[in-house]
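The whole structure should be built from the sequences, with the hints applied where relevant.
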Amino acid sequence: MSSTYVINGVTYLVDAQFEPAGKKTTLADRLKHYIKSDFADFTNHYKGDKMTSEYVLTAGKEK
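If you use our numbering, the sequence shown corresponds to residues -5 to 57, in order.
Keep in mind that the hints are not guaranteed to be accurate.
[To be verified] Now the in silico label distances, taken between C-beta atoms and shown as ranges:
| no. | residue 1 | residue 2 | range |
| --- | --- | --- | --- |
| 1 | Tyr28 | Val4 | 17 to 23 Å |
| 2 | Thr19 | Ser(-4) | 19 to 25 Å |
| 3 | Ser(-4) | Phe33 | 17 to 23 Å |
| 4 | Ala10 | Ser31 | 17 to 23 Å |
| 5 | Asp23 | Gly3 | 19 to 25 Å |
| 6 | Gly3 | Lys26 | 27 to 33 Å |
| 7 | Met(-5) | Phe33 | 18 to 24 Å |
| 8 | Thr20 | Val0 | 29 to 35 Å |
| 9 | Tyr6 | Lys30 | 16 to 22 Å |
| 10 | Ser(-3) | Ser31 | 32 to 38 Å |
| 11 | Tyr(-1) | Lys30 | 21 to 27 Å |
| 12 | Leu21 | Val0 | 29 to 35 Å |
| 13 | Asp23 | Asn2 | 27 to 33 Å |
| 14 | Ala22 | Ile1 | 15 to 21 Å |
Hints are computed from structural coordinates only; laboratory data are not their basis. All C-beta atoms, glycine included, are put in the ideal place defined by N, C-alpha and C.
Here it is in structure tokens:
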């Protein structure tokens, strides 16, 4: 069964399939492959390196 998707003017044809029987692919292997691929985009939602005030440690400042 195939599905067709158009994203930003690019047409993708996607097939659903099972992993071949007996293949020893782990979740870690799949994540490594995904992270190294062009589909892993980790910078779109970057909001800087500052923590919000709810995560700032306040120990020792109680009165």
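Going through the hints against the structure:
1. Tyr28 to Val4: 17 to 23 Å: 19 Å, holds
2. Thr19 to Ser(-4): 19 to 25 Å: Given about 22 Å between the Cβ atoms, the range holds.
3. Ser(-4) to Phe33: 17 to 23 Å: 18 Å, holds
4. Ala10 to Ser31: 17 to 23 Å: 18 Å, holds
5. Asp23 to Gly3: 19 to 25 Å: Check failed, 32 Å falls outside 19 to 25 Å.
6. Gly3 to Lys26: 27 to 33 Å: Since Gly3 and Lys26 have Cβ atoms about 30 Å apart, the given range 27 to 33 Å holds.
7. Met(-5) to Phe33: 18 to 24 Å: Holds: the Cβ-Cβ distance is about 21 Å, inside 18 to 24 Å.
8. Thr20 to Val0: 29 to 35 Å: Since the Cβ atoms of Thr20 and Val0 sit about 33 Å apart, the hinted range of 29 to 35 Å holds.
9. Tyr6 to Lys30: 16 to 22 Å: 19 Å Cβ-Cβ, so the 16 to 22 Å window holds.
10. Ser(-3) to Ser31: 32 to 38 Å: For Ser31 against Ser(-3), whose Cβ atoms are near 19 Å apart, the range 32 to 38 Å is violated.
11. Tyr(-1) to Lys30: 21 to 27 Å: 22 Å, holds
12. Leu21 to Val0: 29 to 35 Å: Distance hint for Leu21, Val0 holds at roughly 30 Å.
13. Asp23 to Asn2: 27 to 33 Å: Holds, at about 29 Å.
14. Ala22 to Ile1: 15 to 21 Å: Violated, at about 28 Å.
Hints 5, 10 and 14 from the list above are not met by this structure, while the remaining hints are.
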